[in-house]
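J.: Read off the chains here:
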Amino acid sequence: MKERTVWEQIADQLRSRSIWMLHYCTGCGAMELPPTMTARFDMERFGIMPMATPRQADILLITGYLNTKTLRRVIYTYEQMADPKYVIGFGSCTINGGIYYDSYSTINRLDYYIPVDVYIAGCMPRPEAILEAFQYLMEKIRKGEADGWKRYKENYEWYKQNQIRSLGEVYVHDEFHE
Amino acid sequence: MTGVYKAIFNLAIAFFFVLTLEGIGRKITARVQRRIGPPWYQSFIDVFKALSKHPFSNGWIFDFGVLMALGGAIATAAIVPMGSTFWTPFPNTDNFFVIMYLFAVGALGMAMGMVGSGNPWASIGVTRALTQMLGYELPYLIVLASMMFYYKTASIHLLIEKQAGGWNLLVMPIGAIVAFISLLGMLGKKPFDIAIAPAEIASGPMVELSGKYLGLLHIMHVFSIFVEITLFVDVFLGGGNFWWFLLKFLIVWILAVLISSVLPRFRIEQMLKFYWGVPLGLAFLNAFFVLMGWTL
Ligand code: SF4
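Chains as they are written, first to last, in the numbering used here: chain A, 280 to 457; chain B, 1256 to 1551.
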């Protein structure tokens, strides 16, 4: 791994203390986010805030199973985010398919398609586990180890191949106007 | 030359004080909702983090609009007086109309840039923001016009000096209430945060902003907040030394935050009906009182 310059180290400190997450929920794990955000667990005290669009967000939460239709949108969303960007995979569905391991319409391993920085095990993970994962991600960002966005750039060909193998094509059709 | 130094001081105060206040505001909102809330310096981290990202541009109109918004806000923040004649950077140009026109440059720059991003949410957001402007400016300007008529001047630092006998808050309390309600709309605080409604229109004008652009617009927003609250403090809460000014600023801000932390959001037409109903009526009532000379 390359040495970081002083500026990058400072920037990483800042990034670790202000994580804006994209409000985009794919599977059942999203249910655990409201308690994590509100008064009981309050993730804003770590500087973690929900943001409305992928352009503004730093972190993409894949909250559970992804069927092929959603995966296309997820890839679009991920590629729209501005550059130091991180991905958290929620629950066993993103690790190995979980209870949907033999389903015809869902993918099994998320990090064939987009690079994942932190996984949370569990079906579904409790808010404590989510906060723990965020702490771990912050630690990784601070050390400069959360480099999924760099891996995606370097291995773009490989990721594209996997995406095309599962999806046929990544392009999202406009069903209403074509 | 001292004017320039004072203007720079204005900008420094605007940046550091308002960003601190934003953090405090988030903390207060969190306490109202029984959360712990982020530390007071969270807004500084947010701004500098946003500036450290690698953004996307959407064409030169977009870039230019963001710069124009920031420039307009900075120019306005540099000339507003901070609560006394001594802290007036340019005593000849602190006319109310100059400030209002310069302020519009920032708003229009933002509108132009955001529409230039080509995203429909941004257009809807900008439309909403301009409609809201129409809503709150009307009562606000009528109150300010009656005040200028009463004191026969539009210069802010002269208005401050004329309040030595008693604050305008006490001289024309109805006008002060109307102006405060308009101030909530200007700040985009909770009942009136229609333009950036994150859940409905994906934060409206900001929808395509990434990284540095978001940071720059946040800074522009900080300067706008400074101008808006400073105008209110100057015009209604009298003069005093610098620390008095900061204290009054703090109190107005906390009041706005407390109101916004418990209220839901208006719809756009409710907002317009609201502003052109009671506050506009009260503004005319205030103007009528001033014309008849029935002030306290
Ligand atoms: S891991 Fe469990 S809770 Fe999460 S998406 Fe899969 S089935 Fe749902």
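FYI, nobody ran anything at the bench for these hints, they're computed from the structure. Where hints are given, some of them may not hold.
Unchecked claim - Cut-off 20 Å, straight-line C-alpha distance, at most; resulting in silico cross-link-like pairs (EDC-like, lysine to aspartate or glutamate): (1) B:K1467 <-> A:D453; (2) B:K1445 <-> B:E1524; (3) A:K429 <-> A:E287; (4) B:K1467 <-> A:D362; (5) B:K1528 <-> B:E1392; (6) A:K439 <-> A:D321; (7) B:K1467 <-> B:E1455; (8) B:K1282 <-> A:D321; (9) B:K1467 <-> A:D321.
As the structure is a computational prediction, the values presented were derived from the model and not from experiment.
J.: Kindly indicate which numbered hints from before are broken by the structure, ordering the numbers from low to high.
T.: 1, 6, 7, 9
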